[in-house]
Structure formats: structure tokens, C-alpha cells
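Novice: Line order of the protein sequences matches chains Y and X. Counting from 121, one number per residue, gives the positions in the first sequence under my numbering. Counting from 564, one number per residue, gives the positions in the second sequence under my numbering.
Any given hint could turn out to be false.
Said to hold, decoys possible - Below, a sample of chain X positions facing chain Y; criterion: calculated Cβ distance under 10 Å: (1) V619; (2) F621; (3) A669; (4) Y674; (5) E684; (6) Y692; (7) P719; (8) L720; (9) L801; (10) V854.
Stated by the list, open to error - Which stretches of chain X does chain Y cover? Using the computed rule of at least three CB atoms under 8 Å from a CB of chain Y, they are: (11) 806 to 815; (12) 840 to 847.
Everything labelled a hint here was simulated from the structure, so no lab data went into it. Ideal Cβ positions, reconstructed from N, Cα and C, are used throughout, including at glycine.
Next come the chains, spelled out residue by residue.
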Amino acid sequence: MDYLVAVLLPQLLHGLVFGAALGLLALGLTVIFGLLGVMNFAHGELYMLGAYAGIAVVGVTHSFWTALIVAPLAVGAIGAVTEVTTLRPLYRREPLYGLILTFGLALVFREAVRQIWGGDMRRILPPVTGSTPLLGMVYPNYRLFLLAASSILLLAIWLFFTKTRAGILVRAAVQDAEMLDGLGVNVPRVFTLTFAGSAALAALAGLLLAPIFTVYPQMGVEMILLAFIVVILGGMGSMGGSVVAALVIGLAQSLLTLWMNPQRVAIAIFALMIVVLIVRPRGFFGREGVLE
Amino acid sequence: MNRVLSWRAVVVGLLVALLPALPFMSKFYLLLAFDALLFGAIAMSLDLLIGYTGLVSFGHAAFFGLGAYSTAILLERGVLSLWACLVAAVLVVGLYALVVSYFATARRGIYFALLTLIFAEVVYTFFRYTQTFGGSDGIQGVPAPRLMPAFAIDTPLRNYYVVLAYLALAYLVCRVLVASHFGKVLVAIRENEDRARFLGYNVQRYKMAVCLISALLTGIGGALYPGRSAFATPDLMLWTVSGEFIIMVMIGGLGTLAGPVIGGAFFVLLQEKVSSYVDWYFMVIGLVLIVIVLFMPRGLLGIRAMLGFKQWRATA
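Using the sequences and the hints given, assemble the complete structure.
Specialist: As C-alpha cells, then:
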């Protein structure tokens, strides 16, 4: 019982917190993949830009809450400009070119950040301090806030995609962009705004996780691999699948650290993915023929 | 001379063979030339997948690194024969490539890129944290391999000719392959996979075969690397290295074989030149890649067509 409360429960919550934030990151990746057929290699760098934009805003305004609004908007704007100038000319070409292009974008973003802010590790102080007694243990307030914020965001995104006209347009574009174009919708604009939205989400995830993790130019490179695994596990292009898979990965990672050292955990996560792919080649919720 | 080997390729090969005779070719430039030829050959073998079959491998660094580790481990333990190292590399890389390609080719499109990437990351993580193989430091300071018991490949000049021989052989293999019926089926798969399947070709088997060939050529290149550098580190297998291989192919021109050789050499020289002046050369490389994808999808070889020298041919 002591073990349960003192070790297992906090670790479970850690996993949930991380999984929810990972879900935000993977969701944007999945939607962009569904829309453009491009696996966005620069997504990790947008996540990293979110944290650095947050540092910049906190430096000026000394308010984490302002940063939480301004940083995603700024990164969203960067995303929109990037989409219009580099990805839009590639719509008619094979997705291969888009994939390779985003790899180039990732290099440019990473190096730009390293030039502006330097390569050192940085930290953002959590805006909420202290901890709360919870189920017999004590849990940091910031992580509770993070869990609540990610859950509310995921819920809001779900409502956006099911209840609003804009969200339904995006889903229609994933299904059949050409048909949507024929119906008189400005499809390139849908693409650009969706890319901007996914960039803003990635930035938000980066900023929200920054007080728990450290901020450095390579931080996106490590997250993006995990996000790729989440997207594959969930089933390519399945938004619900991404969220479920993100929680599974988050929980698996934090529970496995109880029994293994971190590098074994990394290999165990890969092994988990390979096993899932053998048993269910299309991931949890992937459907046959979708985006293949 | 038939269409497999043009006179031009032979002339270029001979000129490259005479390169060390130039007065300014110091040891430093010889090693640089070694890298240019080695990565040119690796980019060329990757072109078999990307350019001809339409499969983007984001895991070629693992083939390269496994080859390098095979050699380094043997050399460290006193097995100095280059041939033994090559055999070991072929076995290790071949076995790994079979497993990866079995899973990766079962799925189409983007899955291939992601699965090769993740398998490569498993290999990277394994070597990064296995202390038997040096952990994150890798294997350092291995002795030079020997071509024959009394002939060590211990000078930059000897290394240069070894890598040149490897490039020439790899080029021949790729040319023969591309001109063969097998190569035509690969292009058919790239153009229309369903149609190739309806014609009765076992598409997955063809994909696995070309993966294996490309991986082996890359692995042999990797096996030559410790002879030049005296080390093998996990950093050789980072997925960003796989990305650099793709950049080399794109710079040179997809589906041309000769293009990626030029692209690889260009990349190595660009990196060397730019990084000696500024510390943000990754930015330059990223921008070069973006410009090429956007404006010159045929790469450096495409410039000929732009200038109107010759009609560009898609593939052989």
C-alpha cells in the first residue's frame, strides 16, 4: 500500500501529465499528415520554438500567462508564413518533396535558435508553485495545472473538430481536398490555417512542458521521434488514435522507469511499437486504405 | 562500351584516380577527398531506393554505422584483415537489413520512412548505451586494416585508392542493376505500384531485394570508414545523419546515380568550406536543401537541362 501511494501513484500521474502534453504535439502532426500527406519533420522544432518564444516573452513581461498566449500565436504566425512560402508550391508534387523540405526547415529553425539564444540549457520557472495533498501523497501544483490545461485543450480540439464549421471543413479536407475545392471552399487557406494551428499547438506543448523539462535547441529532435511513434501507434491520420497512443506511451514510459534505467526504457518503447505493428499493422485505429 | 558503362564515366574515374598526383593534395585534402568519394558512393546506393524505387529511407545511417562498428570491433580485437572486416560488415548489415526491410516494405508510403527511422534509432540507442562497445564514446583508436598480411592501409593515399575502388565497384553494380530487368521493375513500382502488382510482380520481394542491396553497399562503405578515422561512434548512426544522406541525393539529383555521387562530394566539400568560416553551416545546408526542393527538384545534374545542354532523362 505504501509502495502504491508513494511510488506507483505519482509515476502514474507523471505518465498521464506527459502523455497529455505529448498528445497535443502528436495531434498537430497527425492532422498535417492527413491534410498534406507530409510527415512534418520540423514539428519538433516548432515545439522547441514555443519554449524559446516563451522565454523571450517571459523575459519582457515577467508573466508566464502572457507567454502562454503570445508564444503560440507567434509560432502559429511563423507556421503560416512557412506554409505559404515553402509548402504551398509543393502541393502538386509528390509528398516525398514535402517530407524532405521539412527536414531542411528543421535544420534552419534549430540553427536560428542556437544563433539567437545560444546552445545552453535553459529553464523556465513554473508559474504555479507548491504542492497539493492528493490521495495520500503530495503532488506538485504545476503538474496538476499541466494535466488540467492539456485535458481542456484536448477537449476543446475535439469540440472544434466535431461541432464547428471550421473544424468540419478541416476534416473534409483530410477526406477529399479536391471535392472540397469543387464545392467552392478555399482549400489552400484551410491548409495554411491548419498548419498554423498545428504549429501553435506544438508551441503550446513546448511551453507547457518547459518548466518540467529543460529548454535547449535539440529538445525537438528527441520529442519528435516519440511523437512519430505515437502517430504510427495510433494509426496514421487518426486523431483519436493519436491521443490514446500518446497516453499509452506516456504511461508506459513513466511506469517502465520504475524497473529499468532510461536507455532500456527507450528500447522498450521501440519494442512496444514493433510488437503493436506486428499484431495490428495499422496501429490502434488506422483503417485500411487510408493515406497509404 | 555499352549503355551500362559510358566512356565519360571511365574518363571521370581515371581523372579522379590521378587526383592525388596534383601538387596541392596534402594529407588533409586526401582525407577530404576520401570523405567526398565515400559519401558520394553512399548517396548513390541510397538513390537506388529514393530515386528508382520511390522509397525514402530515413535509416541509412544505421547501415553505415553497423558497417563501421563491425570493422572497428574486429580491428580492436586484433583481426586486421580488411576482407574479414568486409565479410563481417556484410553479414551484420545484411541480417539487420533483412529484418528492417521485411517490416518496412510491408507498408506503403510514409510508413517506410518512419519504420526505417525508428529501427535505426533502436540500433543507435543500443550502441549508445552498451558499454562493451564503448557506450557514447564508441570505439576509439583502432589500428589500420590490412589488405594483405604485410600491406596495411595506413596512409591517406592508400585509403583513398581503397575508397575509389569501392566507389567504382558500387557504381558498376548500380548501373548494371538499373539497366537490368530488375531495375525496370523497380521504376515500374515507383511509377505505379498497383499496376506492377497486377502484372504479377511480387512487389514486396522486389522492394526487399533493393533495400538489401542498397543497405549492403552502404554498410561496406561504413566498413571502410574506421580505416580512415580510426574510430566508430554512435553519432555516425544518428537519424540526422540519415537525413544528411538524403540531402546528398537531393542535391545531386534523384534517379541519376551519377548525380548523388556529385551531391555527396559537394555536401562534404560545402560542409568543410562553410564550417571553416562560420559556425552556422547547418543553416546554410538547410537553406540549400530548401532551395533545391523548391526550385531545382532535379538537383545539380538538372542544371545541365536548365542550360539546355541535353534533355534530362528521368531514369535509364
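Novice: It remains to establish, for every hint, whether it holds in the given structure.
Specialist: Hint check:
1. V619: holds, 6 Å
2. F621: holds, 9 Å
3. A669: Check passed: Cβ of A669 of chain X comes within 7 Å of chain Y, closer than 10 Å.
4. Y674: This interface hint holds because 7 Å falls under the 10 Å limit.
5. E684: Interface hint status for E684 of chain X: holds (6 Å vs cutoff 10 Å).
6. Y692: Interface hint status for Y692 of chain X: holds (4 Å vs cutoff 10 Å).
7. P719: violated, 30 Å
8. L720: Given a least distance of 34 Å, the restraint on L720 of chain X is violated.
9. L801: holds, 9 Å
10. V854: Check passed: Cβ of V854 of chain X comes within 9 Å of chain Y, closer than 10 Å.
11. 806 to 815: Satisfied; 4 residues make the cut.
12. 840 to 847: Three-residue rule met by the region 840 to 847 of chain X, so holds; n is 3.
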